[in-house]
Amino acid sequence: MSEVTKVGIVVDGRSIEVVEGASLVDVLRLAGIDVPTLCWTRDVDPPLGTCRVCAVRVDGREVAACTLAVRAGMQVECAAPDLAELQQGVVELLFAEGNHFCPACEKSGDCELQTMGYRMGMTHSRFPYRFESYSLDYRGQRLMLERNRCIHCKRCTDLFTDDEGHRVFCFLGKGSQTQVVMDLEREAKLSEHKCDEAVALCPVGAILRKGRGFDRPIGTRASDTPERMDR
Amino acid sequence: MHDRRGELKAIVQKFAADRRRLIDILWAAHEHRGFVSTDDAAAIAQELGISTGHVAEVVSFYHFFHDRPVGRHTIYLDTSIIAEHAGQGAVREALCRELGVKVGEVSADGLFGLLETSCIGMSDHAPAALVDGLPVPFLTPERAVAMVAWLRAGRPLKDWLAGLARGDGQNTALGLPISNHLRNVGPFLFGPEENDPPVVAQTATADEIIDTVTRSGLRGRGGAGFSTGKKWDLCRKIPAATRYVVCNADEGEPGTFKDRVLLTETADLLFEGMALAGKAIGATEGFLYLRAEYRYLLEHLETRRREFEARAPLGPFSIRIQLGAGAYICGEESALLESMEGKRGEPRIKPPFPVESGYLGCPTVVNNVETLILAALIVRRGSDAFRRWGTERSPGVRLLSVSGDVEFPGIYEIPWGTSLGEVLDRCGAREPHLVQVGGPSGEVVRADAVERVFSYEDLSTGGSLMVFSRDRDRFEILENFSTFFVNESCGNCAPCRAGNVVLRDLLKRFKNGHARAEDLPKLDQWARIVSQTSRCGLGMTSPRVLTTSRKAFPELYADAIDQKKSPLFYDFDVAAATAEYDRRVEEPS
Ligand SMILES: Cc1cc2nc3c(=O)[nH]c(=O)nc-3n(C[C@H](O)[C@H](O)[C@H](O)COP(=O)(O)O)c2cc1C
Ligand code: SF4
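So the sequences go chain by chain: U and W. If you read the first sequence in my numbering, its first letter stands for residue 1, the second for the next number, and so on. If you read the second sequence in my numbering, its first letter stands for residue 1001, the second for the next number, and so on.
Just so you know, the hints here were simulated from the structure itself, not pulled from any lab data. Treat the hints loosely; a few may be bogus.
[Claimed, not checked] Which chain W residues face chain U? A few, computed with CB under 10 Å, are given here: (1) Gly1053; (2) Glu1057; (3) Phe1138; (4) Pro1351; (5) Phe1353; (6) Glu1488; (7) Ser1489; (8) Ser1534.
Glycine included, every Cβ here is placed at the ideal spot set by N, Cα and C.
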């Protein structure tokens, strides 16, 4: 059994006791500071660290909180306005990169990107929208890919496997040309349950069940509830 | 019929069906056919017991891997600004005309594929191209067309290159018409080796090696400048059964070619440095990660490697040369390790750093070529011999790869502390105006800042020095750099993947005269978002193209502001709006 060591760190001038080696995101949330995240999911080690939305400052340097394990004596800054600017800047980059027409999206109301936008009080992206045409992939048996909405978080490529432990989603290309693809043979063999898992894993509306959508009435979707909005 | 399936199976077996050798497997699969089709990828995946997508995503990541035919002969034109300034545009046009293709296409007879790639490490031979893996220097439209005719006649490229030798200097080690352009030899690295004591390190203990290297003050030459002695010491202190040494020969920063020259001239010293590092940290295995652009050095390096292993001057130490496949990001040490493990070259989360968890999760020292060679010489000659040169805080010497508008492009060995002015004088800079120190990820410097000094405190550099004269369009230079980052971003993290496109477009707005006063503050604000949130050094440094050029040439940006244009249409780009029309009109019917 691994022993738990408590260490002290300072967050925005406040000293707190935390478990050594824990993820800084976890630690901050426990302390009531809700750092924004998109790619992050609990207990993934190493973390994906792809969206970079959880920018904080540690010992004077900007870092993604999810990628850091806490050490004794860390000086952490979360509340500085310039950090909120970084966090929102990255979210705005994602909105400018993809084509996010929320009202027409099956995931609207249950989308982590959309919720983040609301939460940050975003009305538009400061960056010029690219309006690139990204392709859709309908060839799956039950799943489809809507690449206009993909934020390349890598949850599906790195965290999702079929029942045999094989990867189903991969990245093709690189840089701004990177696109997610599905291994069609493996997709065809996925169980119902696995398909739903893939859809739920996607933080946005890029992985969808064919023939399904808008099945939750407005008012009952995750981000319709005030608690979620205030998070 | 040719049994491709059987061939692929044999290839996979040759590498013991080890998925970590995927890069080697894919190189071998390209050998016969030039590309890896979807069926090929599926076959390889099946033999390795992995998803087809896994193979496909690796193929699609690297410039030199292809999933469709790219011609019997494949021409990669270097797109660095140095090549463009030296006339690559005319060469490109001539080839397009001669082959009846556009860039990215294959000629109708399937003989030639015309492609482009980032800097190939030939800025002292610009404009250059890689043709079937061989470097073709000093291209002109005539020379390019002559080469095509030669290849069409079915004659070997090597023979044609041999015919070029007279004008361009023949390299005896390689049998290729490329010169090492050693302009400034000595005082330390290219100093007289004859005076060196015979490899004393044979008897030196790990402690002594680390002590000597640490006292010399040697810092990494790959860019980050970390103390080499300290790195080795950190690595050996991590408890582990196996450790590795990796030499980073991925030299991809546009304008650099010093590692190409070092690998040609001093491969023995490099292997000695790797073995020394091995002795210091307790590793008996090392890897040389060689960028694919330098594939033509492979034979030479393998010969030298075998000789070195047979001599084993420091005891048993084996070295494997791992060929890359074309990706600037694989110069980043953790991306390099991913690539060595047969994956896409996406940088890992750091910490843990490679010294703690590197190749296959084992503690690994990653060092640049120049660093390891200097370490070998330091251990031979003692740390004081190194400290005699340079300054207190930046001891020793370093190599500069000088290119651009200069009389004498090539390699200059300088003691740290040498001024910019002195280097510009020595290389015969022609009316220098803008100097790019350390490549696109480095710093834009005014050429009249002659008092600035090469050192870790001032102009710290990875070794690339590109000189541009007064008549060059500075925005064209900056846009080329910015485009380089768009092309070479690995795509893993949001700010770099999406942000570099945004930054490039912002720069273009200034270049095209569409910028307005409110765009000025965006230069620094947007750059900050990308640099402070990116996952690795690429995204952290790429915005420096904008920020350092604005600092060096504030008037450049201020003068580019369009005062007159209607506020409604300031974003309207006539050229872009009519591009489709132009394309269709030009299209052969
Ligand atoms: C985008 C990027 C590209 C890099 N390219 C190289 C390279 O081509 N060669 C190199 O030695 N280091 C390169 N580096 C630095 C390496 O990550 C690493 O710091 C270096 O190899 C360590 O060796 P050193 O301590 O001897 O400098 C690069 C870093 C980044 C972020
Ligand atoms: S900064 Fe760029 S190159 Fe580095 S991990 Fe992010 S996308 Fe990849």
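Do the numbers back the hint for Glu1488 of chain W, that is, is its least Cβ distance to chain U under 10 Å?
holds (7 Å)
For the hint on Gly1053 of chain W, just tell me whether its beta-carbon gets within less than 10 Å of chain U.
Check passed: Cβ of Gly1053 of chain W comes within 3 Å of chain U, closer than 10 Å.
Holds or violated: the hint that Pro1351 of chain W contacts chain U, with Cβ atoms closer than 10 Å.
holds (8 Å)
Status of the hint placing Glu1057 of chain W at chain U (closest C-beta pair under 10 Å)
Check passed: Cβ of Glu1057 of chain W comes within 4 Å of chain U, closer than 10 Å.
Holds or violated: the hint that Phe1138 of chain W contacts chain U, with Cβ atoms closer than 10 Å.
Constraint on Phe1138 of chain W not satisfied, violated at 30 Å.
Have a go at the Ser1489 of chain W hint: is there a Cβ in chain U nearer than 10 Å to its own Cβ?
At 4 Å from the nearest chain U Cβ, Ser1489 of chain W passes the 10 Å test, so the hint holds.
Restraint satisfaction for Phe1353 of chain W [CB to CB of chain U, less than 10 Å]:
Phe1353 of chain W check fails; min Cβ-Cβ to chain U is 13 Å, beyond 10 Å.
Under the criterion of a CB-CB separation shorter than 10 Å, is Ser1534 of chain W in contact with chain U as hinted?
Holds - the Cβ of Ser1534 of chain W comes within 10 Å of chain U, reaching about 7 Å at its closest.
Violated hints, listed in ascending order, are 3 and 5; each of the other numbered hints is respected by the structure.
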